[in-house]
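Number of protein chains: 2
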Amino acid sequence: MAQHRIVVVGGGFAGLSVINGLKGTEADITLVDRRNHHLFQPLLYQVATTVLATSEIAWPIRRLFRTRREVSTLLDEVTGVDRLAKTVSLRSGAVLPYDTLVLGTGARHAYFGHDEWEGVAPGLKTLEDATTIRRRILLAFERAELTDKTLEADALLTFAIIGAGPTGVELAGMIGELANNILPPEFRKIDTRRTRVLLIEAGPRVLPAFSEDLSEYAKTALGKLGVDVRLGQAVTAITEEGVTIGDSFVPCRTVVWAAGVQASPAAKWVDAPADRAGRAQVGQDLTVEGDNDVFVIGDTALVNQVNGKPVPGIAPAAKQQGAYVARVIKARLEGKAAPAPFRYRHQGSLATIGKRAAVIDFGRIKLTGALAWWIWGLAHIYFLIGTRSRLAVAWSWLWIYLSGQHSARLITQKETLKSDP
Amino acid sequence: MAQHRIVVVGGGFAGLSVINGLKGTEADITLVDRRNHHLFQPLLYQVATTVLATSEIAWPIRRLFRTRREVSTLLDEVTGVDRLAKTVSLRSGAVLPYDTLVLGTGARHAYFGHDEWEGVAPGLKTLEDATTIRRRILLAFERAELTDKTLEADALLTFAIIGAGPTGVELAGMIGELANNILPPEFRKIDTRRTRVLLIEAGPRVLPAFSEDLSEYAKTALGKLGVDVRLGQAVTAITEEGVTIGDSFVPCRTVVWAAGVQASPAAKWVDAPADRAGRAQVGQDLTVEGDNDVFVIGDTALVNQVNGKPVPGIAPAAKQQGAYVARVIKARLEGKAAPAPFRYRHQGSLATIGKRAAVIDFGRIKLTGALAWWIWGLAHIYFLIGTRSRLAVAWSWLWIYLSGQHSARLITQKETLKSDP
Numbered sequence: 001m002a003q004h005r006i007v008v009v010g011g012g013f014a015g016l017s018v019i020n021g022l023k024g025t026e027a028d029i030t031l032v033d034r035r036n037h038h039l040f041q042p043l044l045y046q047v048a049t050t051v052l053a054t055s056e057i058a059w060p061i062r063r064l065f066r067t068r069r070e071v072s073t074l075l076d077e078v079t080g081v082d083r084l085a086k087t088v089s090l091r092s093g094a095v096l097p098y099d100t101l102v103l104g105t106g107a108r109h110a111y112f113g114h115d116e117w118e119g120v121a122p123g124l125k126t127l128e129d130a131t132t133i134r135r136r137i138l139l140a141f142e143r144a145e146l147t148d149k150t151l152e153a154d155a156l157l158t159f160a161i162i163g164a165g166p167t168g169v170e171l172a173g174m175i176g177e178l179a180n181n182i183l184p185p186e187f188r189k190i191d192t193r194r195t196r197v198l199l200i201e202a203g204p205r206v207l208p209a210f211s212e213d214l215s216e217y218a219k220t221a222l223g224k225l226g227v228d229v230r231l232g233q234a235v236t237a238i239t240e241e242g243v244t245i246g247d248s249f250v251p252c253r254t255v256v257w258a259a260g261v262q263a264s265p266a267a268k269w270v271d272a273p274a275d276r277a278g279r280a281q282v283g284q285d286l287t288v289e290g291d292n293d294v295f296v297i298g299d300t301a302l303v304n305q306v307n308g309k310p311v312p313g314i315a316p317a318a319k320q321q322g323a324y325v326a327r328v329i330k331a332r333l334e335g336k337a338a339p340a341p342f343r344y345r346h347q348g349s350l351a352t353i354g355k356r357a358a359v360i361d362f363g364r365i366k367l368t369g370a371l372a373w374w375i376w377g378l379a380h381i382y383f384l385i386g387t388r389s390r391l392a393v394a395w396s397w398l399w400i401y402l403s404g405q406h407s408a409r410l411i412t413q414k415e416t417l418k419s420d421p
Numbered sequence: 001m002a003q004h005r006i007v008v009v010g011g012g013f014a015g016l017s018v019i020n021g022l023k024g025t026e027a028d029i030t031l032v033d034r035r036n037h038h039l040f041q042p043l044l045y046q047v048a049t050t051v052l053a054t055s056e057i058a059w060p061i062r063r064l065f066r067t068r069r070e071v072s073t074l075l076d077e078v079t080g081v082d083r084l085a086k087t088v089s090l091r092s093g094a095v096l097p098y099d100t101l102v103l104g105t106g107a108r109h110a111y112f113g114h115d116e117w118e119g120v121a122p123g124l125k126t127l128e129d130a131t132t133i134r135r136r137i138l139l140a141f142e143r144a145e146l147t148d149k150t151l152e153a154d155a156l157l158t159f160a161i162i163g164a165g166p167t168g169v170e171l172a173g174m175i176g177e178l179a180n181n182i183l184p185p186e187f188r189k190i191d192t193r194r195t196r197v198l199l200i201e202a203g204p205r206v207l208p209a210f211s212e213d214l215s216e217y218a219k220t221a222l223g224k225l226g227v228d229v230r231l232g233q234a235v236t237a238i239t240e241e242g243v244t245i246g247d248s249f250v251p252c253r254t255v256v257w258a259a260g261v262q263a264s265p266a267a268k269w270v271d272a273p274a275d276r277a278g279r280a281q282v283g284q285d286l287t288v289e290g291d292n293d294v295f296v297i298g299d300t301a302l303v304n305q306v307n308g309k310p311v312p313g314i315a316p317a318a319k320q321q322g323a324y325v326a327r328v329i330k331a332r333l334e335g336k337a338a339p340a341p342f343r344y345r346h347q348g349s350l351a352t353i354g355k356r357a358a359v360i361d362f363g364r365i366k367l368t369g370a371l372a373w374w375i376w377g378l379a380h381i382y383f384l385i386g387t388r389s390r391l392a393v394a395w396s397w398l399w400i401y402l403s404g405q406h407s408a409r410l411i412t413q414k415e416t417l418k419s420d421p
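These protein sequences, in sequence, are chains A and B.
Using this note's numbering, read the first sequence as starting at 1 and increasing by one per residue.
Using this note's numbering, read the second sequence as starting at 1 and increasing by one per residue.
It is possible that some hints are incorrect.
Straight-line alpha carbon distances no greater than 25 angstroms define the calculated SDA-like cross-link-like pairs of lysine to any residue that follow [said to hold, decoys possible]:
(1) A:LYS149 x B:SER72
(2) B:LYS189 x A:ARG34
(3) B:LYS224 x B:PRO208
(4) B:LYS23 x A:SER403
(5) B:LYS149 x A:GLY93
(6) B:LYS149 x A:LEU90
(7) A:LYS189 x B:ALA27
(8) B:LYS149 x A:LYS125
(9) A:LYS149 x B:GLY80
(10) A:LYS149 x B:PRO208
(11) A:LYS189 x B:SER403
(12) A:LYS149 x B:ARG5
(13) A:LYS125 x B:GLU128
(14) A:LYS86 x B:THR147
(15) B:LYS189 x A:HIS4
(16) A:LYS189 x B:PRO97
(17) B:LYS149 x A:ARG91
(18) B:LYS86 x A:ASP148
(19) B:LYS149 x A:LYS149
Over 12 angstroms on every C-beta distance to chain B, these chain A residues come out as not near it, computed from the model [what the hints assert, rightly or not]:
(20) ALA53
(21) ALA202
(22) GLY203
(23) ALA274
(24) ALA337
(25) ALA379
Computed footprint of chain B on chain A, listed as stretches where at least three residues anywhere in the stretch have a Cβ under 8 angstroms from a Cβ of chain B [what the hints assert, rightly or not]:
(26) 77-86
(27) 176-189
(28) 212-220
(29) 280-292
(30) 317-328
No lab work stands behind these hints: they were computed from the structure.
Yeah, the Cβ is synthetic: ideal placement off N, Cα and C, and Gly gets one too.
Throw the hints in and build the complete structure from the sequences for me.
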């Protein structure tokens, strides 16, 4: 019998955990990703805010599987799937036949019908997004130091973060840290402590996935870092001049988008029903309806929990789905009974606020403050891939903790003096 | 009396060393650079070849002087100098008055009248240059793995480095290391050890600044890494299809330019005589003729040694010139006699070849092999700015030495599947 061919698309948490779970099976596995690296997205905000270097949170995918001879890695992009012929077409022109297909192609940020905001208000999903935001934050301080106009300096020292989920809260907190604790001794004309960070959220509280008391704690902790939290207020316009919150215009030169995501086109490729965010509806075995050989997992899949709510688009959920799919495929290859339907186990929600506070919601146990911050740090180091990254990130954090200096404060990519984008 | 105003343009080795040398003087110092970071250019090739991360060799300039209240840092670009009015005009529109002006604005790579080669054959002077070259090198291997055409794979696995000075030799050696020792277990279709690295030099030997026996040693060491050294051969054409060496065309998809530099426009700004490479001719006190208040130093200056040869465009020379200018300015401010004319002291030439060999030319003492490699490493760590960078680079090197894995193997900046540039 010919070897079973498994094609996995996407080298994120979902895809890698499928392949890790398939270790030891007799199957031919091809992993396709349009990037050469796996990215540890939960720490991306730290690259955007000068804490970590890009290479500390990204690893070449093919290196992860160098000892798995049955795994081939292709740097390529899916253009379509033919479910009848059971093939995947790639940008390079190659056509990959599959027996089993797993799509874990993630999500991008979405602007709710305002795509024109993207140029002014970048989101945070890739390393380039992070270095773009880092460049804009650092350039705002540099330009404020150069200008003679007070109003212009005020607008340059105003930062608006839209969306108060973990990414928004973490970005706002770290910009507050930069402005209050890192940059002040370096500027001669401006006082960077005058910086205003606006965190704008349409919903009624920050960190809506956490319990209400933790949301309240986070809001207070952000306030101490000088973050101005605006709840229940929607952004109605974003231009290079500033943001409009409801009817009120705030001059502001740096805006970051941390609200809302749009799934990859996976649902379209396989012609599956999708929700408004583009996520493919899958069954309790994570396959698309009517095709047992096509799995969709991670941020690009819509799976309901027992309580009727969808599984959240976070790394632990993607990993659990990947591990589950590996078990299903293994059972099929070995002719065993299918595992019980997928059940998401929520392990807890974590978010940091600046340098010394965090909130952790384990359900019954809730933690705040310095203890939560240390647990948050250890948990993230534990989940990083590879000994070297763990040591490097631990070391970077320890250095910042002891010296109070960030080390990745680089303005790169574009010419620094032209206006963005 | 109003405070003496010193404007230093360029935060490279030359500029920083002027400001370091002026510590303790009563003067108002403004440092202008169009980048926010000082770059340790001698290790830039290691970023281009995935050994080091960008933030390990670059530091925010304003952080270096955070405790020197008399030093202001401006992220801005010089557009002209008015020597009569004694002012510097900046891109932002600001006009800086000076009593003393120091220009240390460096050099870019030059294509000897073939500017059209720049898109196909990038040079290596900035962090963006390094990440561009890194992307192209890594993409070549990725594309070779994807293609079904043998001739195309051969062209993708052929790398041409033009110019066999230290940068060219170091790049060629590290590409050899990548292809032979790092990447082989990760690819399934191609054998990366089939990679051909061409090092093309119009002159008669590699490392012309070193003694002839060291050049010979370097050539042999390169050969062991699979580098094909072509001496006395000029490149006559470079296209996306390949390079033409003399009359012979070599299909090749990745070309790096490491031959020849062009000075910044400093000579034009101050209307000083310049050589063909655009370097401003300065006197033995490093001022331009007829104007004691304008110094030009570093790679953008042309200074003759006692032996009639020009001072080389390397970091130690820039540092010595910066320290000398600081002494001259100090003496003037204190009403003391001017120091003796500038005299360059050559401390030695160093270059590495791959992972375990290096050549060091201290004049009477010459070293090769593993010992030279260790001395090269220690010398570079010693010259890095800041404890953290020293530890980080030492740690990265140690990790690679022990694990055989490079950690900064990221393809970033542009979409990975479109063709470059």
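Evaluated hints:
1. A:LYS149 x B:SER72: Within the cut-off at roughly 18 angstroms; holds.
2. B:LYS189 x A:ARG34: Cα-Cα ~18 angstroms, so holds.
3. B:LYS224 x B:PRO208: With a Cα-Cα distance of about 20 angstroms, the restraint between B:LYS224 and B:PRO208 holds, given a limit of 25 angstroms.
4. B:LYS23 x A:SER403: Roughly 23 angstroms separates the two Cα atoms, so the pair holds.
5. B:LYS149 x A:GLY93: Answer holds: B:LYS149 to A:GLY93 is near 13 angstroms, not above 25 angstroms.
6. B:LYS149 x A:LEU90: holds (17 angstroms)
7. A:LYS189 x B:ALA27: holds (17 angstroms)
8. B:LYS149 x A:LYS125: violated (35 angstroms)
9. A:LYS149 x B:GLY80: holds (23 angstroms)
10. A:LYS149 x B:PRO208: violated (53 angstroms)
11. A:LYS189 x B:SER403: violated (47 angstroms)
12. A:LYS149 x B:ARG5: holds (23 angstroms)
13. A:LYS125 x B:GLU128: Holds. A:LYS125 to B:GLU128 sits at ~21 angstroms (cutoff 25 angstroms).
14. A:LYS86 x B:THR147: holds (22 angstroms)
15. B:LYS189 x A:HIS4: Satisfied, since the Cα-Cα distance of roughly 19 angstroms is no more than 25 angstroms.
16. A:LYS189 x B:PRO97: The hint holds at about 17 angstroms.
17. B:LYS149 x A:ARG91: holds (16 angstroms)
18. B:LYS86 x A:ASP148: holds (21 angstroms)
19. B:LYS149 x A:LYS149: The hint is violated at about 60 angstroms.
20. ALA53: Violated, because the least Cβ-Cβ distance between A:ALA53 and chain B comes to about 4 angstroms, which does not exceed 12 angstroms.
21. ALA202: holds (32 angstroms)
22. GLY203: Its Cβ never comes within 12 angstroms of chain B, the nearest being 34 angstroms, so this holds.
23. ALA274: Its Cβ never comes within 12 angstroms of chain B, the nearest being 25 angstroms, so this holds.
24. ALA337: holds (33 angstroms)
25. ALA379: holds (22 angstroms)
26. 77-86: violated (count 1)
27. 176-189: holds (count 5)
28. 212-220: violated (count 0)
29. 280-292: violated (count 0)
30. 317-328: violated (count 0)
Consistency with the previously given hints fails for numbers 8, 10, 11, 19, 20, 26, 28, 29, 30, ordered from lowest to highest.
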